[in-house]
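Undergrad: Top to bottom, those sequences are chains A and B.
Numbering-wise, the first sequence is residues 1 to 893 according to our numbering.
Numbering-wise, the second sequence is residues 1 to 111 according to our numbering.
There may be inaccurate statements among the hints.
Claimed, not checked - Cβ-to-Cβ under 10 Å is the rule here; a few derived chain B residues that face chain A:
#1 GLY47
#2 ALA64
#3 THR69
#4 ARG73
I should point out that these hints are in silico values taken from the structure, not numbers from a laboratory.
Just so it is clear, CB atoms sit at the ideal spot from N, CA and C, and this is done for glycine as well.
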Amino acid sequence: MTGDRQAGDPLPEPIFPLSPANEVADELEFHIEMRTRELVARGVDPADARRQALQRFQDFRHVTDECHQIAEQREHTVRRTRYITNFAQDVAFAVRMLRHRLGFAVMALLPLALGIGATTAMFSVVDGVMLRPLPFTHPERLVAIWATENAWKNDNASAIAWNSVVIGQQDYDALRDRARMLSQVAAWGRDGGMLGDAAGSFTQVSGVRVTASIFDLLGVHPQLGRAFLPSENVLRGPHVALLGWETWQNRFNGDSGIIGRSVTFNDAPYTIVGIMPPRVRLDRTIAPAAIWIPAFQGTEDIPSHHNRSYRGLGRLAAGATLAQANGEVGRILADVKASWKGTPDGTSGRAVNWQDDQIGPVRSSLLILAGAVALLLLIACVNVATLMFGEAARRQPEIAARAALGATPSRLARQMLTESVVISGCGAAVGLVLGWGLTRALVALAPAKIPGLADVRFDGRVFLFAAICAVATGIAFGVIPTFALLRWGRHSAVRIGAGQTARGELQIQRALVAIEVALSLVMLIGSSLLGRSLVRLTEVDTGFVPEGLMFVQTTAPLRIWADSLSATRYVDAAVRELAAIPGVAAVSGSNSGMFNGNSSSSPVKVIGEPGDSPARDIQQRVVLPDYFHTMRVPIVAGRDFSQSDNSSSERVAIISAAEARRDFPAASPLGQRVLWQGQPWTVIGVAGDVHYTGLATDFQPTIYVPSGQRGGDWMYFLVRANGASDGASLGRAIRERLAGVNPAVTIAAITAVPTLVQRSYAEERYRTLLGSLFGVIGSVLAAVGMFGVISRTVARRMREAGIRVALGASAQSLTRLMMRETLIGAGIGVALGLPVAAWLARLLTPYLFGIHAADPLAFAGALLLLAVATLAATVPPARRAGRVDPVTVLRAD
Amino acid sequence: MSRPADLVQGTLDLLILKLLALEPLNGWSISLRLKQLSSEILQVSDGSLYPALHKLEQEGWVAAEWRHTENNRRAKFYSLTHLGRRQLKLETSNWERLAGAINHVVKLREA
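Turn these sequences into a full structure, and let the hints guide you.
TA: Structure (structure tokens):
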């Protein structure tokens, strides 16, 4: 028989192995040929023989396909196993190589740890604040409901919040009854006050008033006891309350016997009927509420034009879209307003996704910050790429040798990329530790306005993100050196001796330096702009003298407050006592605080010929005697209040300069009368403008009235100390004296006013701090990168340097020579970076105060800093070249 | 000669493994050898042979490599692997058990 004895050795594995399809075809073809030959040998016609041979397969097509399938499957499995083994090999190899080059590994690790750490920290903050859904049932269907007052858009004082107006009971009822796009509606409002327990101790807490519908709406019900009933949301309804979990644990020791017992809140008794589950927060900028009470129980909530202090909440009905709900809410709220006033007046409403609504104000801030962090990571990557590039130059002989021994290009590339990923993996591990610390710092230092900071956690999502970062950066910074190396390293003969560099190498290195410098310039300019802006902000004249002024906030039990006579008596006695403290220069007070986010306003009209002016909103303050003197606010026209302005004399008021400009542009306001709070007041003086809420806004028109003519308001006290006294002892003295007047009144806070002013720009300060941090880190990285590049250049060109010195070159000229490449790279970087920075700086415009995005001083400052860093990084190693000893160097070759 | 019996699918694997245990062969030779050794009684259809061979290769019981035959043609030769040897032993004992049982029933004396 033919063809069945083996002969010869097996064929070597072909360079390009046959595809499974071709293999099968060849195999079957062999069989067909042999069969054909056999048939021919038996006498069958040759043409016929092949046909018969095929026929014996019955369905040749089917057989071929079946064999294909099996072969492909097998191929697949083999390839996968090979991949994994190769990968494991590569990792082991990379680790070994890195152990030999520990110095390089450490230098590569640090920027990566920094970059990945910062990025991870940023991600965990963004995740906790923005990305993670709220802990309620189907949180994406929850909407916040606001009223909108179109009329306010024209009024300077209220324009800023025209579309986030709170709603009242009438609005809630209308929405509940008529909104078809919302399956449920609820209203809630914050309520601060004194919580007292059976033992008689009181603390200032933050509580919420809620409608009974909120529990079903959110899908959150009391852990113990029961929720509120709709029947309890009525005027003078039963005083039931729920305790917040945290308060229950801390204040009441988790004693479930508290249910059924009574506590006092703002001087009224409430029976506890249940405990809320842990970590339930309606307002994510503060801690969970201490106490929950039913809404609409007080007279201040009686349905009326003026009684609006609730935030609306709704759940989208099945199948309803946000746009539909938004439109419907607008119509319903407009109708409600029209039914009071008789005609529509531009009031409307809106519904917006609740989570978006909460983070809206800080979203762009966070995103810009995230962008800056990403830039930082990029700088770190470029830094490491430069490093690896330098290393690659040294490894050319090794690569060439491996290629000669049969390593394929793809295998070599995979190996080197694996090495990069291993490095960035280690960097990520260190970076995670750094990131954890950074996250805690970011959260601790952040201004309170960022919602959800308490939700920022270092959990599985963050780790996953860090892992992805590590792989991505590893590939990113590994790609360039790998491909560069493969292009040159493989083909060149094994080279001995330093001093030769391929032309392309120089260019790539220059490009890397340029990119790093450009990126760090962008960051430096950004932080420089923020810094200048902050300085400008702090330089703003507040309009009064904060230094030496103390702000005293007291909380009184309701019984003192309710009776205007006893309130006045208390205030008078308190002022007398405080003034008697040694070291106190002046005492006064006002019924409005400052820099605490609150403001109070109402309409004012000028009375006179030819007719009354239109009513406009004005900020208002009832002030104690000596107010302007205590605050050191100048009276620019007319006179201050005096003793003679009391309850029996004509009503007088002092207006601020901004108000004088706005409502009395032509004539002097002195002697004119205004209608305020339903009564006429005569203007007797104009006071200098004062910033009461923030330094960045315009001066608000303000009206001041003496407490003697409109008494009964609760007062914040202002105590001005003369230079000598110290804050702590003054604070103690204040407490003692006030306790002496009436021990039932508690001191809520005594704060130095400069601290209050600083708190008003806490957010700007935070931003600037972060910006500066990034700017500094970025430029340090760039400087370190340049340092590395020059050091390597010098090391490589030592021989050349030696020759030049031997031939008479000066040390200086050598230094300059070594720096040339790097400085050219830096120059290109600046040329690239400046326009990019100028363009990106526009993004910062909303956060800049007093300067524009192209502020020359900021740019100049950044450039100067960069120049200094560059020189510091490049000069010392370059000078080494100048000090080379030609004999030593030339002999070593 | 009696009509050649069609091979039951499962036993094809056993026969191929056994043949390859004797020496490495290509598909054509397997078909030929089988006919030879069974005195023409056993004939494997071409259409079942090659799928069976590929399946055996996928299971890892046989390994394949391309070689030159005597008249210098390229062909795919299969040989038994270590795992294949174990499988052969397993299948042989299964077969013997089965054949013995059938034998026993068939040989029962009619009443």
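Undergrad: Each hint: holds or not?
TA: Results for each hint:
1. Annotation: B/GLY47 was flagged as interfacial toward chain A, and the flag holds, the nearest CB pair being 5 Å apart, inside 10 Å.
2. Hint on B/ALA64 holds. Least Cβ distance to chain A is approximately 9 Å, under the 10 Å limit.
3. Hint status for B/THR69: holds, given a least beta-carbon distance of 5 Å to chain A, under 10 Å.
4. About 6 Å separates the beta-carbon of B/ARG73 from the nearest beta-carbon of chain A, less than 10 Å, and the hint is met.
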